[in-house]
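A.B. asks: Chain by chain, the residues:
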Amino acid sequence: MRFKIMTGAAFIAVAALALSGCSADTDSTATGGLSIDVPDIPMLEELGEMESEVNIIAWSGFVEPAWSDAFTEETGCTVNRRVAGTSDEMVQLMRTGDYDLVSASGDASLRLIAGGDVQPINLDLVPNFGDDIVEGMKGQIYDTINGQSYGVPIGRGANILQYNSDVVTEEPTSWDVAWEADSPYAGEIIAYDAPIYIADAAVYLMAHEPDLGITNPYALDQDQLDAAIDLLKQQNKIVSEYWADPAAQITSFAGGTTSLGTSWEILRKLTDDDKFKSVLPEEGSTGWSDAWMIAAESESPNCAYAWVDYTSSAEVNGAIATNFGMAPANAAFCDTSDEAAAHCEYFNATDEEYFSNVWFWTTPIEQCIDGRTDVTCTNFQQWTDAWLTVKS
Amino acid sequence: MNRRAQLSALLALPMLWLIGIYIFSLVMLLVTAFWVTDPFTSKVKPGFTLRNFEQIIANPAYATTSLRTLGIALAVTALSILISVPLGIFMAKVASPKLRAILAVAITLPLWAGYLVKILAMRITFTEDGFFNSMLGPLGISGPGFSIVTVVLTLTYLWLPYMAVPVYTAIRQLPPNLFDASSDLGAGAGFTIRTVVLPLIKPAIIAGSIFTFSLSLGDYIAAKFVGGSTQMIGSIIASNINLNPPIAAAYSLVPIAFVVIYLVSVQRTGALERM
Chain A
1452 MRFKIMTGAA
1462 FIAVAALALS
1472 GCSADTDSTA
1482 TGGLSIDVPD
1492 IPMLEELGEM
1502 ESEVNIIAWS
1512 GFVEPAWSDA
1522 FTEETGCTVN
1532 RRVAGTSDEM
1542 VQLMRTGDYD
1552 LVSASGDASL
1562 RLIAGGDVQP
1572 INLDLVPNFG
1582 DDIVEGMKGQ
1592 IYDTINGQSY
1602 GVPIGRGANI
1612 LQYNSDVVTE
1622 EPTSWDVAWE
1632 ADSPYAGEII
1642 AYDAPIYIAD
1652 AAVYLMAHEP
1662 DLGITNPYAL
1672 DQDQLDAAID
1682 LLKQQNKIVS
1692 EYWADPAAQI
1702 TSFAGGTTSL
1712 GTSWEILRKL
1722 TDDDKFKSVL
1732 PEEGSTGWSD
1742 AWMIAAESES
1752 PNCAYAWVDY
1762 TSSAEVNGAI
1772 ATNFGMAPAN
1782 AAFCDTSDEA
1792 AAHCEYFNAT
1802 DEEYFSNVWF
1812 WTTPIEQCID
1822 GRTDVTCTNF
1832 QQWTDAWLTV
1842 KS
Chain B
129 MNRRAQLSAL
139 LALPMLWLIG
149 IYIFSLVMLL
159 VTAFWVTDPF
169 TSKVKPGFTL
179 RNFEQIIANP
189 AYATTSLRTL
199 GIALAVTALS
209 ILISVPLGIF
219 MAKVASPKLR
229 AILAVAITLP
239 LWAGYLVKIL
249 AMRITFTEDG
259 FFNSMLGPLG
269 ISGPGFSIVT
279 VVLTLTYLWL
289 PYMAVPVYTA
299 IRQLPPNLFD
309 ASSDLGAGAG
319 FTIRTVVLPL
329 IKPAIIAGSI
339 FTFSLSLGDY
349 IAAKFVGGST
359 QMIGSIIASN
369 INLNPPIAAA
379 YSLVPIAFVV
389 IYLVSVQRTG
399 ALERM
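Residue numbers (the numbering used here), protein chains in the order written: chain A, 1452 to 1843; chain B, 129 to 403.
Some hints could be false.
Label-pair ranges, simulated between beta-carbon atoms [claimed, not checked]:
1. G1638/A with G318/B: 36 to 44 Å
2. Y243/B with N1531/A: 28 to 36 Å
3. L313/B with G1638/A: 52 to 60 Å
4. R132/B with T1523/A: 56 to 64 Å
5. V392/B with E1621/A: 56 to 64 Å
6. A1632/A with G268/B: 22 to 30 Å
7. E1804/A with V388/B: 54 to 62 Å
8. E1750/A with L244/B: 32 to 40 Å
9. Y150/B with R1532/A: 31 to 39 Å
Among the chain A residues that face chain B by a calculated CB cut under 7 Å, a handful are [what the hints assert, rightly or not]:
10. N1687
11. Y1693
12. D1836
These are calculated hints, taken from the structure and not from any lab test.
Note that the coordinates shown come from a computational prediction; the quantities given were computed from them, not determined experimentally.
Just so it is clear, CB atoms sit at the ideal spot from N, CA and C, and this is done for glycine as well.
Isolated chain B, as found in the complex:
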C-alpha cells in the first residue's frame, strides 16, 4: 500500500502534465475541428460539421502544401543524416580529443542562440546582396535566393544538432575492436561503415530523425522569412488561426497524421525498442 502511494506520488506530476496539458489540448483541438465559424463575424460556434474537412479536401492548395511540407521535412532529415554520420565518425574515431571537444561545442553552440535570430541570420546570408552571393559571386555562383532550397538549408541548420548529437554519441560507444575485426577481415573503410557502423547506429539516426522530421513539419517561420513564396502547412494554419480556428484545427491533423505514420513505420523496423 505504501509502495503504491509512493508510486502515485512519483507519477502525479508527469501524469498531470501529460493528461492535463498534452492530451487535453490535443482533444480540444480535435473537437474544434468539427465546430463552425460564422462567415461574417468569424465567431466560432460549437456544433458538428464535416465542412472543414470537406473544404480541406476540395481545395487543392491544402494537398499540395501538405506534400510540399512533407518533402521539405524529408529533405531536411536526409540532409541532416548525410552531414551527421561522416561528422560523427570523424569526431568519435579520428579527431584528437581537443579537436573533438571543439567540434562538439561548435555543433551545440547554435542551440544557445535564439531561434528567430538564427532565421534572420540566414535571411541576411541569402539576401540578394548578402553574404552568400558576395562570397561566391566572384566564382560565378549565385545563391538560391529566397526559395524552397533556402528553407531546407535553414531548417537543416536549425535542427542539425538534434541529429548530430545522438549519432555522435552512438558512434562513440561502438567498441574499437569492431573496427579492428572488420579491418582484419579485409573490409575497407566504406565497407565497414556500411556493414558495421550504420546498422549499429540506426536507432540513433531514427531518434534524431524524429526530431528533424517533426520539427520541420511544424515550422512556418523559416518559410515566412527565407521561403520567398514557399507555403508550408504551418503558414496556412497561422493564416487561419484567428480568422477560422476550426479549419486550422482540422488542418493541423495532417501533420499529426504524418508524424504518427512516421512513428508507426519506424516502430515496425523495431528501432524504437533499441532506442
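The following block holds chain A by itself, in its conformation from the complex:
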C-alpha cells in the first residue's frame, strides 16, 4: 500500500522533475556586466486581434485545464499543451517552429535567446507584470540580456539538502556531509544526475576553497572546473545513487538506500513522511527559476502575450506555483488567502534573503558571467564532457 501511494507521488514528482531543467543566476551586478551578441529580432509593439490557438511547451503542471479553460473562454485562444521533460528537450522542441510559448528554465533560456529562437518581450503589453513580481525574479541574467527582457517569470525554487532524521539525528548545517570522503553517511548519499550538478560542487568550493577564486558557480575557468570535477569524483565514492527521475529519488529515500542528498521541497513533501527534513545549508545552494518565453516565429503572438499576462496574475500564477510546488513569481498571490500565505511561507516566496543564497541554474558560456575578462570560462559542452568522467 505504501508503494501505491508512493507511485502516485512519484508521478506527480515526475512533473516536478521535468521542472528541474531550470534556471539561472542571479545577482544584478553580474547581469550588468553581461552583454551577449543576440540576433536582432523585432519586439511586438502593440497587440492585435487574437488568433485561434496557442501552442505551449511547458513543464508538467504549468498548463492545466483548471486555469487554461477559463483563458480559452476569455480570449478565444485554444490552448495546446506539450509537456517536456528536460530543458534540452524544450530547446529542441522550440526549434521545430511549431510552438508559440515555452516555460523555459535558466539553463535553457540563454541558449534560446542567443539562438534567436525567442523574441524580446514588450513588458508594457503584460500589465500583470508589475510591482508584485518578487524582486529576486526581475531582470535576471537568464531572461534579460543587454537590458532587454525576453521572459516573464513564473516561479522559482532551491535545490535543498534533504535528510532522513532517523539516521541523521542532528540537522546538518553544511553540505560537507554530502561531499567529504569522511562523511559519516558515506554510501547513503544521493546526488543529482546532470552536468549542471557541477555547479553544486562549485558552490561548495566557493565556501571551502576560497583560493580557487570562484565567485559564480556558472562561471568556471578550466582550473576551477577541474577542481569541481575532482570534488565530484570524491563524492562518487560515497554516493548510493544518482537521481534524475523524481520517482527514483523519492523511492531511494523511502526505501532506506539514501539518508541524505540533494532534493527539492516538492519531493520532500511527496515522501509524505515527517522523518524527512530539509535545510538550506550555510554554503547556499543551486536552484531553478522559470519564465515564459515567446517564440521568435510565433504564429499567434497575441494569444501568446495574452497567456503570459493571464498566467502572471496573482490567482493563476499562484495556482501554477501551488500545483507544481514552488515559490510563485507574483507575490500578490500570498495575500489572497491563508492557504496561499502558508504556501508562500513554506516555499520562502518573498524571502529574498533565502534566495540570495541560491544560485539559479544558468547555461555556462565561454564569456565569464562573473565579469572576469582575463580568462575564458568553460561552456556547457565542456561541462557535459567533464561530467562523464565523474562516474567512470
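Knowing the structure of chain A, use the given hints to seat chain B on it.
C.D. replies: What follows is chain B alone, placed relative to chain A:
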C-alpha cells in the same frame, strides 16, 4: 515476367521497411556523427568534422564506459546460458508434461509485463529496506544494493526468455535415442551433456546470445534505476542526445561495432548457417 511482378509485390513491404526505416536511419545517424554543434546554443549544423570522434578518444570516460558495458553484456549472456541450459534439459527431458507446461508459462510470463514495471520491481526488491534484504537479512546476507551486480541481475531477468526459449526448443528436438546411445556407450549425465547436448544446441545458444548481448548493450534504463552510479553506453548517449546529438551519434557507433564484431566472430564458427 508475371513471376517477377509477384516477387516484387511480395518483397515490396519488407524492402521498404528495411531500406526506408532501418538502413536510412542508420545512415543518417552515421552522417550526423560528422556534423558540428554550436557550443553556446547547441544548434546542430551540417558540416564535416572529426572532432566528435577525437573527443570520444580523448576523454577516457568513453573508453571505460564502453568496456564496462561490454562486460555487463557478456556477463548477462553468460548468466543466461548458465540458467537456460540446465533448465532446458530439465524441462525437455525430465519434467512431466504438466510441469513442463507450467515452467514454459513461468519463463515467458515476464515478457507480458511492461519493461519499466519489471525494472521498478527490481528496484523495489534491491532497495536497502527491500524484499531481498528483508528475506536474507536474518541469514546475515545483505544484498548488492544498487550497483553493477544489480544491473547484471536485472538485465538477466529481462532478457532470459530470449535465451531460455530457443535453448529449450533445441533440446526438445534432440532425438531421445541419442541419449540412450550415449548412455549405452557408458557416458555419464555430465559427459553426455558436454559431448552430445551442448554441441547440438550451440546454434540455439548463439541465437539466444545475440538477443541477450545486443539488448544488454543498448540498455540504460536499468543502469539508471538499479545501477547506483553505474554508467553505461546508453547513459552517455541519453545525456548527450538533446545537448550534442553529433557526439551521441558518433558514440552510438561503438555498440554497433561491438555487435558487428560479435556477429562476425559467431559467423566464423559457422553457427549462423545452422540457425
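A.B. asks: Taking each numbered hint in turn, which are not upheld by the structure, reported in ascending numerical order?
C.D. replies: none
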